[in-house]
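Peer 1: Use these hints to put chain B onto chain A, whose structure you have.
So the protein lines, in turn, are chains A and B. Using full-length UniProt numbering, read the first sequence as starting at 1 and increasing by one per residue. Using full-length UniProt numbering, read the second sequence as starting at 1 and increasing by one per residue.
Just so you know, not all the hints are guaranteed correct.
[Claimed, not checked] Dumping the calculated DSBU-like pairs for lysine-lysine here, alpha-carbon to alpha-carbon at most 35 angstroms: (1) A/Lys196 to A/Lys332; (2) B/Lys275 to A/Lys251; (3) B/Lys17 to A/Lys219.
Source of the hints: derived by calculation from the structure; they are not laboratory data. In this text the structure is predicted, and so the values were computed from the model without any measurement.
2 protein chains.
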Amino acid sequence: MTITVAVDAMGGDVGLKVTVPASIQFLQDHPDIHLILVGDQPALEAELALHDGAVRERILIQHATQVVGMDEAPQLALKNKKDSSMRVAINLVKEGRAQAAVSAGNTGALMATARFVLKTIPGIDRPAIAKLLPNVKGTSCVLDLGANVDCTPEQLLQFGIMGSELMACLQGKANPSVGLLNIGSEDIKGNDNIKKTAELLRQSELNFYGNVEGDDICKGTTDVVVCDGFTGNVALKTAEGLAHMFAVFLKEEFGRSWWTRLCALAALPVLGLFKKRIDPRRYNGASLLGLRGIVVKSHGGADVTGFRYALAQACEEAGSDVIAHIADRVAKQLDNLKQSEAEAN
Amino acid sequence: MTITVAVDAMGGDVGLKVTVPASIQFLQDHPDIHLILVGDQPALEAELALHDGAVRERILIQHATQVVGMDEAPQLALKNKKDSSMRVAINLVKEGRAQAAVSAGNTGALMATARFVLKTIPGIDRPAIAKLLPNVKGTSCVLDLGANVDCTPEQLLQFGIMGSELMACLQGKANPSVGLLNIGSEDIKGNDNIKKTAELLRQSELNFYGNVEGDDICKGTTDVVVCDGFTGNVALKTAEGLAHMFAVFLKEEFGRSWWTRLCALAALPVLGLFKKRIDPRRYNGASLLGLRGIVVKSHGGADVTGFRYALAQACEEAGSDVIAHIADRVAKQLDNLKQSEAEAN
Chain A
1 MTITVAVDAM
11 GGDVGLKVTV
21 PASIQFLQDH
31 PDIHLILVGD
41 QPALEAELAL
51 HDGAVRERIL
61 IQHATQVVGM
71 DEAPQLALKN
81 KKDSSMRVAI
91 NLVKEGRAQA
101 AVSAGNTGAL
111 MATARFVLKT
121 IPGIDRPAIA
131 KLLPNVKGTS
141 CVLDLGANVD
151 CTPEQLLQFG
161 IMGSELMACL
171 QGKANPSVGL
181 LNIGSEDIKG
191 NDNIKKTAEL
201 LRQSELNFYG
211 NVEGDDICKG
221 TTDVVVCDGF
231 TGNVALKTAE
241 GLAHMFAVFL
251 KEEFGRSWWT
261 RLCALAALPV
271 LGLFKKRIDP
281 RRYNGASLLG
291 LRGIVVKSHG
301 GADVTGFRYA
311 LAQACEEAGS
321 DVIAHIADRV
331 AKQLDNLKQS
341 EAEAN
Chain B
1 MTITVAVDAM
11 GGDVGLKVTV
21 PASIQFLQDH
31 PDIHLILVGD
41 QPALEAELAL
51 HDGAVRERIL
61 IQHATQVVGM
71 DEAPQLALKN
81 KKDSSMRVAI
91 NLVKEGRAQA
101 AVSAGNTGAL
111 MATARFVLKT
121 IPGIDRPAIA
131 KLLPNVKGTS
141 CVLDLGANVD
151 CTPEQLLQFG
161 IMGSELMACL
171 QGKANPSVGL
181 LNIGSEDIKG
191 NDNIKKTAEL
201 LRQSELNFYG
211 NVEGDDICKG
221 TTDVVVCDGF
231 TGNVALKTAE
241 GLAHMFAVFL
251 KEEFGRSWWT
261 RLCALAALPV
271 LGLFKKRIDP
281 RRYNGASLLG
291 LRGIVVKSHG
301 GADVTGFRYA
311 LAQACEEAGS
321 DVIAHIADRV
331 AKQLDNLKQS
341 EAEAN
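If we strip away everything but chain A, and leave its shape as in the complex, we get (with noise of 0.2 angstroms):
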């Protein structure tokens, strides 16, 4: 199957000088994939005039007359940029052209384009920011990581599923373990929205393992990591600062001097490989999970190669049918539920 993406190419901290670089490198790399670059069709004509016209030929241009900017209000967004770059690459999606929309713009905006256009799937109350995170086993999926502030236990229960298929569907996983993001491994702790969460997981056919704390994400004790959209964003961004931070001092330590420079020339081929494998750009792109349609969301301040590891998540997701799955396991679970409910009256 030839898979083609949509890039809103306009969106981001950067923009086009980023999306469209990233892009004819990516193309450049996998031979059957086709884009749909969405945007200003003469700034776009003009900086893919700057590179390597080999791939041009699986590059459509998409105009778009408008751009949703990083720190526009979602609602304001939807309501007055209806020829956007964003809201053109989803609509993409939408009409069958494009399997999968990706940007670099404005997270809320986004979100609420994406639900407004392409529909949640049956059973899904909200969709939930999903990525894949790298931890000492592998690579785990948590979610959500911002999307929803406060959440239901059954919302928290879709979480599951959406985790458990991505999981599935990309890693080949079967039957991923999913916990719940908790402050201690007790079915005691918590508050009674964590309790009564644990409850339904258990109750469901996912493979639950029970509560785990914040460590358990790096230490990768489940497949998937399922926790309100609040706690996983600081999480992640906790992370985040903690990984900059080390970065910092480890730039400290090496730089205080001629000796200890002098040994960092001498690891410098190791420190290069563990900082390639820490590389936050290695894990950017995000899923925005529970839509009737893919659509990857990348950092706003993605450089080039970070912007093509979006691009390849869109293309995996793609080609691994995981919205069917996904909307199949909980057209499942909602049976289980409706049968249940008959039983018991």
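Peer 2: Just chain B, lined up with the frame of chain A:
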């Protein structure tokens, strides 16, 4: 002033094989401090006999017949363990025989016991767990780290006051800045509870910076970061997990071949300094703030070095009169509240 600290010598995963050597080392470094080791007298005497006796004259043993289990339910410990090493250590603070208590025991039981025995400062609803953590600029205080799952705006304001006074007393900060942990810096972010808290903090006499995000903790954007115990606990443990993962990755990269091991050897002195700088043992010792007495919680798995840092934290608090400062500030805050209510009527 001579400071005397009561040590729950039986608490923690290991107990007196950690607490006793740590106490002795600590006394060797701090000639003005006295310690009361609380626990099983014969066992304590046997352990003390294995170590250098020079500081023995500054150690008092207080016999206690019981030990609180690490997994014991707080309410059961409170009811059934009235002669536990933990309870007796806190009693010594209550009676004025010690200026602070340190325990590596069960956090829930320690909090419940401390609250029951010492009571909270007037105007403080619930104590919080606070920790001084490193950031790229220096040190900040984060609270609550797990004592209170759900918090009212009033309680979060109280945490702000307590954290602010702790930073003023221990770090000599004049008018420490206070940030409210949220998922975005804009005022519209977060749920109603967070927005009401921001409003209260803005109206207070605290140096309120506004919302901060997870990465601001390590950036050192504010001196104090206020959050509910659920969010704070997840953030702290996520950071711990990431730090551990980085250590594993560094070890793996440097251990790949004889060549990388050679690189490691060359970089060892600098890597050692880096490791020392981020050593979590240096930040061991969380304060149970809001009580009418100083109680410091050591990590249950702390080793001798870690426990020494918890003892140091207790002594610093005891020497700085932090409780009187918190009490003053809270009283003022209550007065202001009454006055503005009177003006409103």
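Peer 1: Determine for every hint whether it applies to the structure shown.
Peer 2: Verification of the hints:
1. A/Lys196 to A/Lys332: The given pair, whose Cα atoms are some 20 angstroms apart, holds under the 35 angstroms limit.
2. B/Lys275 to A/Lys251: The hint holds at about 13 angstroms.
3. B/Lys17 to A/Lys219: holds (29 angstroms)
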